[in-house]
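Next come the chains, spelled out residue by residue.
Protein chains: 4
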Amino acid sequence: MSVSLRKARTIIRKTLEKGREMELKPLSVVVLDAGGHVQAFEREDGASPGRFGIAQGKAYGSIMLGLPGSAQKARADEQAYFMIAMNGVYDGKVVPVPGGILMRDRKGVIIGAVGVTGDTSDNDVIAGLAGIAAAGLTGDA
Amino acid sequence: MSVSLRKARTIIRKTLEKGREMELKPLSVVVLDAGGHVQAFEREDGASPGRFGIAQGKAYGSIMLGLPGSAQKARADEQAYFMIAMNGVYDGKVVPVPGGILMRDRKGVIIGAVGVTGDTSDNDVIAGLAGIAAAGLTGDA
Amino acid sequence: MSVSLRKARTIIRKTLEKGREMELKPLSVVVLDAGGHVQAFEREDGASPGRFGIAQGKAYGSIMLGLPGSAQKARADEQAYFMIAMNGVYDGKVVPVPGGILMRDRKGVIIGAVGVTGDTSDNDVIAGLAGIAAAGLTGDA
Amino acid sequence: MSVSLRKARTIIRKTLEKGREMELKPLSVVVLDAGGHVQAFEREDGASPGRFGIAQGKAYGSIMLGLPGSAQKARADEQAYFMIAMNGVYDGKVVPVPGGILMRDRKGVIIGAVGVTGDTSDNDVIAGLAGIAAAGLTGDA
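Residue numbers (full-length UniProt numbering), protein chains in the order written: chain A, 1 to 141; chain B, 1 to 141; chain C, 1 to 141; chain D, 1 to 141.
Incorrect hints may appear among the rest.
When chains are identical, the list treats them as one kind, so a pair holds in a single copy or across two.
List of simulated lysine-lysine pairs, DSBU-like, C-alpha gap at most 30 Å [unchecked claim]:
#1 25 with 107
#2 25 with 14
#3 25 with 73
#4 73 with 107
#5 93 with 107
#6 14 with 73
#7 93 with 73
#8 93 with 25
Just so you know, the hints here were simulated from the structure itself, not pulled from any lab data. Since the structure is predicted, the reported quantities are computational estimates derived from the model, not experimental observations.
One chain only, chain A, in its complex shape (with noise of 0.2 Å):
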């Protein structure tokens, strides 16, 4: 099982209505399917060039170790080099700070993640968790 495309849409669309709402920077959201591979992904206007990387690298680390963001963090506050060399078994594609959100079944299989960088980590996940919300799924954080 992973997300639908109507429902990477509803989340989008809704993790960026939530950071109008909050008056956050300009915010990009991707969201992956189970495996890493994107789905959907928007930047919105005024927001840097580059975000498409680090919006992909936090969600996609939090699917290849199967840990979000804020896990992701934790563990490279202690042993920052372990998370570095995360980042360079998988291509340069980890990014461990809050904002890859992780999304489960009602069994708790991982059905895919998000994405979401632009503001401060935090506020990026508070974004993200409403965005999930809105499609009706959980996040982990």
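Take the given structure of chain A and dock chains B, C and D to it, following the hints.
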């Protein structure tokens, strides 16, 4: 000048609608800005997981070289090693076949590119041009 | 849905057994999940050391493109530079010859891929299909 | 001399059995030959998809540097940038934590390495050493 997210959304939706109308295989569509950076992307359900890379490669090569996919294909047909070298120069992100479409403003300045993949290259182009036209822009395929 | 480790083991063992029965050169066999990630791999004694990469490339390209090795070979035969570009897009992990075999569930959804290398591409396919059949699955070579 | 596929299978099976006996999280285990090339690999059901890269990185760094994971970790703890540089030198395939285990013959010559990942690094080592011992070899963790 670059394409707004609003226009990018229109381009993607209308490209996908055209694909459904033509009964094409599931499509994937990326919109890049004038610097070749990802603005928006959607992959239809049923498409193979790696379609982001192909869509990006069609559009990114078009931006980097200032040549749409059909011109790249013509060059590849007569001098394959040159386009293969371009693929190396741009880190594997050049896919020299139709489906990479440049977008220009009224003065002819390139403001972005669209990459479409999923059906035959020629059908990918028809769908992409329909999407670009629906956003009030002119595509150079 | 993806292939379980138990099925992956059966596929590999039966592929290798078929290879011994046919008196093929030492084989190497990888099983990837639906996202293209390695589930299991074995390299027979006497095989050259780099066989993991070839087995992976045959199977990974099949997953990413949704096309088995023989279809990739047909494309490469008529438009070599396209498949070379695919190798660039997917970081050198596309080997477009027979021996990359897709596995589908009853609804036709791709649930993984097998990559076999060591003998002629055609013999690699025969052995791989025998392994997949032994696991109760259908291979699309 | 290198580890035979038969021994590699025993190592992997017994490592996984030890993990089940200890009730560890799902494990992934790779066996590399004396040149650092993949001989065999298995990922248990429920493990995150990217575990091959971590298992490989633990074992590959051990082979390339002639140092098991715990010695690499000691070096990383006192001079993180050095082990980060090693990750770059070896194309992202060095993961400097316990779980990379060298195997030696009776004369002390390195004949391969095992990489285990999935639980805590210390538990990964316990399981891996059990697997190596079951194959009649001595592990240097």
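Now the hints, each set against the structure:
no., hint, in the structure
1, 25 with 107, "between (35 Å within a copy, 17 Å between copies)"
2, 25 with 14, "both (15 Å within a copy, 28 Å between copies)"
3, 25 with 73, "both (22 Å within a copy, 21 Å between copies)"
4, 73 with 107, "within (26 Å within a copy, 36 Å between copies)"
5, 93 with 107, "within (28 Å within a copy, 33 Å between copies)"
6, 14 with 73, "within (25 Å within a copy, 33 Å between copies)"
7, 93 with 73, "both (15 Å within a copy, 21 Å between copies)"
8, 93 with 25, "both (23 Å within a copy, 24 Å between copies)"
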